[in-house]
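Model the placement of chain B on the given structure of chain A, informed by the hints.
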Amino acid sequence: MTRRKFIRKLIKAGSVIVLGTSWPVRKAVPRKFVRAIRLEKYPGHLRPLRDISKPSKWSG
Amino acid sequence: MKVQCELCPKLCLIEPGQSGECRVRINIDGVLRSVVYGFPCSVSPYDPVEKKPLFHFLPGTRILSIATVGCNLHCQNCQNWEISQANPEESTAAFLPPERLVELAKKNNYLSIAYTYSEPIIFYEYTYDCAKLARQANIRNVLVTAGYINEQPWKRLLEYVDAANIDLKFISEDLYWRICSGTLKPVQNSLIAAKASGIHVEVTNLIIPTLNDKPEQIRELCRWVKTNMGSETPLHFSRFFPQYQMRHLPPTSPKTLDMGREIAISEGLNYVYIGNILSKEGQNTYCPGCKELLIERSGYTILQNRVKDGCCPKCSKEIYGVWR
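These protein sequence lines map, in sequence, to chains A and B.
81 is the number that my numbering gives to position 49 of the first sequence; each next residue is one higher, with no gaps.
162 is the number that my numbering gives to position 153 of the second sequence; each next residue is one higher, with no gaps.
Hints in this document: simulated from the structure, not taken from any laboratory.
Here are the simulated DSBU-like pairs of lysine-lysine, each with C-alpha atoms no more than 30 Å apart in a straight line:
1) A:K73 x B:K115
2) B:K116 x B:K141
3) A:K86 x B:K141
4) B:K194 x A:K64
5) A:K86 x A:K73
6) A:K89 x B:K264
This structure is a prediction, so every number in the text was calculated from the model and none was measured.
Chain A with its partners taken away, still in its complex shape (with noise of 0.2 Å):
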């Protein structure tokens, strides 16, 4: 083998693993966020707003 071609053959290889590696990496590298990106639909039970706007029993 010439060592241009054992050359080559090392790029490859190299390439195999840092493809093969990176996936998985960053599957699990976790996405950060400061600010979060609004629901359309409320996961509760959504009332009119009269129905909420009251005196507060609540302190602060």
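Only chain B this time, still in chain A's reference frame:
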């Protein structure tokens, strides 16, 4: 794919379909979503600003107060645990996007909006967008918060905030952790950053029997406030009532609250108040220069306000606050 929420110091790592500790920031398909944006569970048009408590900010005015469910702390003594520790799925809310909230405030001539009751930090995006719109409409923004947030989002939010009442619950890392599942340092950083940003800041400390009612603990807290925030920062000692997971402790005695106030004054704090209880002296504002009575209160009611253009009418000393 997991997401990490970097809003508060908890830095929750959230699995798909799960929420962070606050219950309202959820990982949906690898994206962090706020499920409470535009959905307050409480909107109160009747609160006096003194209830927040803010004693040096537009006294005697009403403040439109909103909250969503959720909180990033889990204080065993929480007075509003029914909303702060609620799951959004089991809660009731109204649809009130920022434009409609500001419209409502304008229509009813409110001078300010309070983001309060639970924890405005966990409905950060809603608070931020409402505050930005309110500022454009010349309406002031008030946060009532535990200050448990990371520096970068906090500073960004403060750009649109006019005043804040921030809880300094304990002056001990151990108690913050054991009672609230939080830590002290980020709260101290938030207090310092808020004061440095130039907004109006008042501090509240709830005195809980057997936990933080010893004179040396109160003294340490007062010294910290004075050194890091200045002697002009109003400090409110609030009375504890048995609530939530802390029903085994008695309410704070009026004597302990008076003692706290005396310690704070002896440490050089100029404006020290007692809350959650009727107290004659402990709710009035006196001039730190000539000791003249400036604002007389009974509960949340202003009996007289003698502050003139932000100054004492007798000795002309400037009084810390936002007076108009």
